[in-house]
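Residue numbers (this note's numbering), protein chains in the order written: chain A, 3 to 346; chain B, 3 to 346.
Hints were generated in silico from the structure; no laboratory data involved. Among these hints, one or two may not hold up.
A pair counts as met if it fits within one copy or between any two copies, since identical chains are not told apart.
With a straight-line Cα cutoff of 20 Å, these simulated SDA-like cross-link-like pairs (lysine to any residue) come out [as the list claims (entries may be wrong)]:
| hint | residue 1 | residue 2 |
| --- | --- | --- |
| 1 | K300 | P51 |
| 2 | K288 | I103 |
| 3 | K47 | K187 |
| 4 | K257 | P51 |
| 5 | K184 | P51 |
| 6 | K272 | D290 |
| 7 | K187 | P51 |
| 8 | K128 | L284 |
Treat the numbers as computed from the prediction; the structure is a model and nothing was measured.
Number of protein chains: 2
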Amino acid sequence: MLKFNLKNKKSPLHQKFDNKFDKSPYEIVKEDINKVNKFIIAKLKSDVPLIPIISEHLLKSGGKRIRPSLTLLFAKMFGYHFGDRHIELASCIELIHMASILHDDVVDESKLRRGNPTANNLWGNKSSILVGDYLFSKSFQIMVNDADFLVMKTIANASQSLAKGEVMQLSLTNNLDSTKEKYLKVIEGKTAGLFSAAAVLGGIITKQKQDTINHLSLFGNYLGIAFQILDDVLDYDISSNNFGKKIGDDFKEGKVTLPILIAYSRSNDKEKAFWKKVIEDLNQEKNDLKVALDIISKYSCLSEAKAFAESYAKKASEILDKLPKNDFNVSLNTICQFVFRRKS
Amino acid sequence: MLKFNLKNKKSPLHQKFDNKFDKSPYEIVKEDINKVNKFIIAKLKSDVPLIPIISEHLLKSGGKRIRPSLTLLFAKMFGYHFGDRHIELASCIELIHMASILHDDVVDESKLRRGNPTANNLWGNKSSILVGDYLFSKSFQIMVNDADFLVMKTIANASQSLAKGEVMQLSLTNNLDSTKEKYLKVIEGKTAGLFSAAAVLGGIITKQKQDTINHLSLFGNYLGIAFQILDDVLDYDISSNNFGKKIGDDFKEGKVTLPILIAYSRSNDKEKAFWKKVIEDLNQEKNDLKVALDIISKYSCLSEAKAFAESYAKKASEILDKLPKNDFNVSLNTICQFVFRRKS
């Protein structure tokens with residue numbers, strides 16, 4: 003496994019992209035992303051006011067739209083230039099993501115997301131659960147209207163993978179008796195599956211061969227894993243000044259993510275007892291987050307987790323080498339690198 | 003509107019079926035229903051133990067499997083005799099119903115369903131939300147594997163309708179400023195849509211013409227409405243000794259169902275103030291359920307609601323007259339009548 007502190011040393015991946023770095027990788031599909039936003043809003047117009055209200059709150063709460071961008075960028079990479087299937091299917095992916103955010107925030111009892119109050123905070127858990135179901139079913143309706151068997155199979159499987167990953171994650175909460183393998187399985191399910199589907203859709207609508215589809219699937223899988231590990235790192239990364247995300251949200255719930263798994267495996271007996279108390283028994287006192295951060299820092303757990311994420315982003319980037327070289331490829335490569343500049 | 007007390011007077015619909023009544027309408031598809039149960043259990047085998055545990059708890063908690071039975075009975079009515087599509091699609095319908103039960107019980111904070119502890123009561127809200135999502139996505143996966151565009155469209159639309167009805171219902175809670183029309187729209191969405199889809203699937207897999215499909219759709223819609231009204235009546239029907247359902251669950255939450263709408267519309271000023279207090283403000287004292295039941299009884303609200311349900315069951319039954327006359331038709335007719343003998 004790669005081991006280095008990204009703050010002190012640049013990886014080959016960083017060097018490769020540094021000259022492109024200042025340009026947003028999403029700029030090239032900015033218009034299409036706007037179309038995705040508009041398509042979603044149009045599809046969620048309803049005589050039931052709560053549906054557009056909650057959905058637009060979610061859409062306006064920011065987010066990079068990384069998942070729909072994967073569909074758009076791959077579709078464009080392969081020359082998709084007529085029709086709106088890329089917009090509609092990118093919207094499907096984003097709707098599933100939105101539904102999962104609504105349910106996640108209820109399950110995690112989150113009050114803030116990207117600095118904004120969560121939907122469950124504003125409209126209650128009931129609304130979030132039911133509007134989440136609505137978004138989920140809306141996504142399926144759009145996908146069925148697209149009427150392409152491969153598309154439907156891809157999206158249905160990704161939803162299944164997402165739901166399974168989320169249920170698996172419950173067993174990783176308040177339970178230190180876990181492994182990196184199990185953690186990986188959870189994040190592959192809950193995050194990478196949808197990234198993978200998003201990428202694959204770009205290939206399906208441009209009628210790529212199975213070999214290429216397999217590349218796209220792996221790309222999404224690797225990028226999704228990298229993305230989720232970084233997300234889990236950010237929860238403990240006081241250096242990131244991460245906007246809108248409070249340090250220690252995962253800690254507060256006793257979620258066992260990679261930084262905790264690494265820290266626990268390195269800990270001495272006294273520290274192990276501390277983790278048992280705060281993560282398994284959820285018996286947390288005022289100073290405990292600081293103690294946790296100190297142990298995490300003592301064993302360089304964040305650097306190691308970041309390096310692990312980088313190894314996946316690197317694998318994703320290597321797949322791009324096998325695909326058409328054009329501006330869209332460059333953008334996708336930049337997204338792979340962006341994982342390491344992520345601040346929120 | 004039909005107005006009579008079913009306890010004192012038999013409707014023409016009752017007379018029509020009395021001779022068949024003692025035979026369960028589900029008997030004729032009993033083997034297939036067992037296959038549906040087995041198919042669902044097989045599909046939910048998972049390396050994530052919580053999924054089969056919660057699902058089997060739901061399956062074992064009883065229920066008449068009325069929705070999958072509609073698919074099975076119509077498929078058989080039209081001579082379906084090879085393949086297992088009827089089993090698989092009936093399972094899809096039941097999975098969506100199971101998912102909605104899991105989410106409903108969280109939203110309604112229900113502790114009991116059919117006399118058994120609810121899944122949220124036993125395993126917590128988080129598990130119920132996420133396993134519900136899993137069942138929902140599993141249903142879509144099965145439907146996509148069936149690979150029939152009409153089937154997919156039917157199921158996707160029904161899920162959409164269900165989710166929309168559930169969200170609409172939120173606005174009917176603690177809100178007496180509603181109408182019978184709005185109530186009907188909610189129950190058409192949350193209940194009748196899935197009944198309708200269940201019936202239609204039996205027609206699709208036997209390749210019926212659009213005219214017939216329209217009949218099936220209407221049949222399911224009418225039966226679903228009748229079924230849901232009766233369900234709402236049972237919540238106040240102390241004469242029903244309804245097993246497993248506590249009288250007054252809807253009342254406790256301030257749900258505005260048909261009995262309440264009728265009662266409120268008939269109430270004098272003092273009674274109206276009472277409803278405002280208990281339903282809108284949810285300010286309920288120990289004796290208030292009894293007061294509510296007394297007002298409901300004073301204005302014969304349950305008889306009127308039942309008669310309204312019966313008018314829909316009658317419409318459903320009349321549609322059956324236009325369809326092939328065979329044992330399956332008789333069973334479906336008996337289900338229409340069963341609505342009025344429902345005790346749970």
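We went through each hint and held it up to the structure:
no.	hint	in the structure
1	K300 <-> P51	neither (51 Å within a copy, 36 Å between copies)
2	K288 <-> I103	neither (28 Å within a copy, 39 Å between copies)
3	K47 <-> K187	between (37 Å within a copy, 17 Å between copies)
4	K257 <-> P51	between (35 Å within a copy, 19 Å between copies)
5	K184 <-> P51	between (41 Å within a copy, 14 Å between copies)
6	K272 <-> D290	within (14 Å within a copy, 56 Å between copies)
7	K187 <-> P51	between (38 Å within a copy, 15 Å between copies)
8	K128 <-> L284	between (26 Å within a copy, 17 Å between copies)
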